[in-house]
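J.: Chain residues, written in single-letter form:
Protein chains: 2
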Amino acid sequence: MTKAVIAIHGGAGAITRAQLSPEKELLYIKALSEIVEAGQALLEAGGTALDAVTEAVRMLEECPLFNAGIGAVFTHDGTHELDACIMDGNTLEAGAVAGVSHIRNPILAARKVLEHSPHVLLIGKGAENFAEQQGLEPVSPDIFFTQQRWDQLQSARANQQTVLDHDEPINPGTKFGTVGAVALDKHGNLAAATSTGGMTNKMPGRVGDSPIIGAGCYANNANVAVSCTGTGEVFMKTLAAYDIAALMEYGGLSLHQATERVVMEKLPALQGSGGVIAIDSEGNVALPFNSEGMYRGYGYVGDAPSVGIYQSQES
Amino acid sequence: MTKAVIAIHGGAGAITRAQLSPEKELLYIKALSEIVEAGQALLEAGGTALDAVTEAVRMLEECPLFNAGIGAVFTHDGTHELDACIMDGNTLEAGAVAGVSHIRNPILAARKVLEHSPHVLLIGKGAENFAEQQGLEPVSPDIFFTQQRWDQLQSARANQQTVLDHDEPINPGTKFGTVGAVALDKHGNLAAATSTGGMTNKMPGRVGDSPIIGAGCYANNANVAVSCTGTGEVFMKTLAAYDIAALMEYGGLSLHQATERVVMEKLPALQGSGGVIAIDSEGNVALPFNSEGMYRGYGYVGDAPSVGIYQSQES
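Protein chains in written order, with full-length UniProt numbering: chain A, 1 to 315; chain B, 1 to 315.
So here's chain A without its partners, still in its complex pose:
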């Protein structure tokens, strides 16, 4: 029987000890640990990788510390546009929603697309209508509000026009991440899920890598499950998540080699910053990132969870 394991992330970016108070740091460590533990418990009870990543991402969406669901960042217009994606490595079925504002947990809507529609990606009002038909009660976007994200929008509007200035590269300071989970269950199945509020001050209608299969999320029992966070556009152009699978499948690289190649070489070559979490079919785990920090954690069933925020640190 496979040694089941789950890994999660809560976004990557310019996260340094200097920026994070000890109190805030403790909140992140506690949240990450609890979510890894919930995933471990689910897998230990024989749950599927698909259920484990769904539940982990739902919890990350519910936690206001992270940029997905409650606590999601604001668009330039002061609205929320949420994206999420999930893929089952066993069947290669996938579901995603993009640009939704009235779904409390976009990952649950993505799961409904995977299970109850012949489609992979639904956007905007059509996605919201489908989610409602599937029993997900519509919510007012007010529930996504947090003071911190609102203040970040005011600051971005006042100081950083780069996201709206089409001649300039995206300012990484306006990025506050994405959440995601990957898991391997006892039955040998891999799954991946990703969810995000996007970029603070983003142009309404902008969709990044999170809801795109092969860019921000990919899973295939034959090789690997991957969830990404970072400069979304570069992850889209490099097909970062699927590229890791292809490097393993066609290039014969190990999980470690493939994730390092993508995160430390291919993404930076196009000015892409961020990281990935990945688990291969043998249960190896890799959590590389090329930014200052990445909120992350993982745990094998039966072990204590391991979580980290900065470089060279697992606590």
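Keep in mind that the hints were calculated from the coordinates and are not lab data. Do not take every clue at face value.
Identical chains blur together in the list; that is why a pair holds if it fits in one copy or across any two.
[Claimed, not checked] As a list, the in silico DSBU-like pairs of lysine-lysine whose alpha-carbon atoms are at most 35 Å apart:
# : residue 1 : residue 2
1 : K125      : K3
2 : K125      : K186
3 : K30       : K186
4 : K186      : K266
5 : K3        : K30
Values in this document were obtained by computation on a predicted structure and should not be read as measured data.
Place chain B on chain A using the hints.
T.: Positioned in the frame of chain A, the structure of chain B alone reads:
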């Protein structure tokens, strides 16, 4: 200097001689030939691959015979939701729009995203606002109307509930393709572009592979330019366009081997039907499809265009 070449497609599907009158067949052959010739002329004059695929897809969108722009299929609600994508193999820059209803030529909006935004994918109203800011005059969706597509919607509504029946696979009979172009210019640059109206009777909000980098469209000077048409969801889950590039880059396959592997093995394994057009960095051309037919054509600069519709036929 590289031998410049362009290839185009006007969709794949259940296209047989029995279905197509000789008069209609002639219309398709004439349209395909003219569009290949326009691309050849542009490349012969030293134009870039990016300009050639933009112009070829713009012409395909303008032609009511094909399911993109004018002549696009209707959603279940009797509306039009158009998607397009373009990628420059020289810079790996890309632009795409999805779910737009007021842009006459979605490929021109995608090109504007590529050139004048830091983003890759814009959807819905946000994409339309951006296109208008970039000088593309908004249009009434009435301009996309053709009697044939309207009749197809009525027939699909009356007889085929499969697109809306979430327990059934997508009925290939409700698919009427996509358009696309790939080109290699004299300077050695590759580019790819894809545009579609999606599926007749589709659920509003459904987005297929066409506007997704790596699924329906991919270009990289290092290996290949690809544009796809077919069962969109399967092309998304298999990353069909990027998979061809990865098989060549990491697996050492030739253009012919890589396109055959994807179109004849990997797509059918997930019940995916359709085809691709692809040109590699040496100017080799492949136009494989696993369906009854694919509207297609290609032409090297200085040669007569070669066009075809059915299997085993180039005229």
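J.: All hints are to be evaluated individually against the structure, with a verdict given for each.
T.: Do the hints match the structure? See the list:
| no. | hint | in the structure |
| --- | --- | --- |
| 1 | K125 / K3 | neither (41 Å within a copy, 47 Å between copies) |
| 2 | K125 / K186 | neither (38 Å within a copy, 44 Å between copies) |
| 3 | K30 / K186 | within (26 Å within a copy, 58 Å between copies) |
| 4 | K186 / K266 | both (33 Å within a copy, 27 Å between copies) |
| 5 | K3 / K30 | within (24 Å within a copy, 61 Å between copies) |
Taken one by one, the earlier hints fail for this structure at numbers 1 and 2, listed in ascending order.
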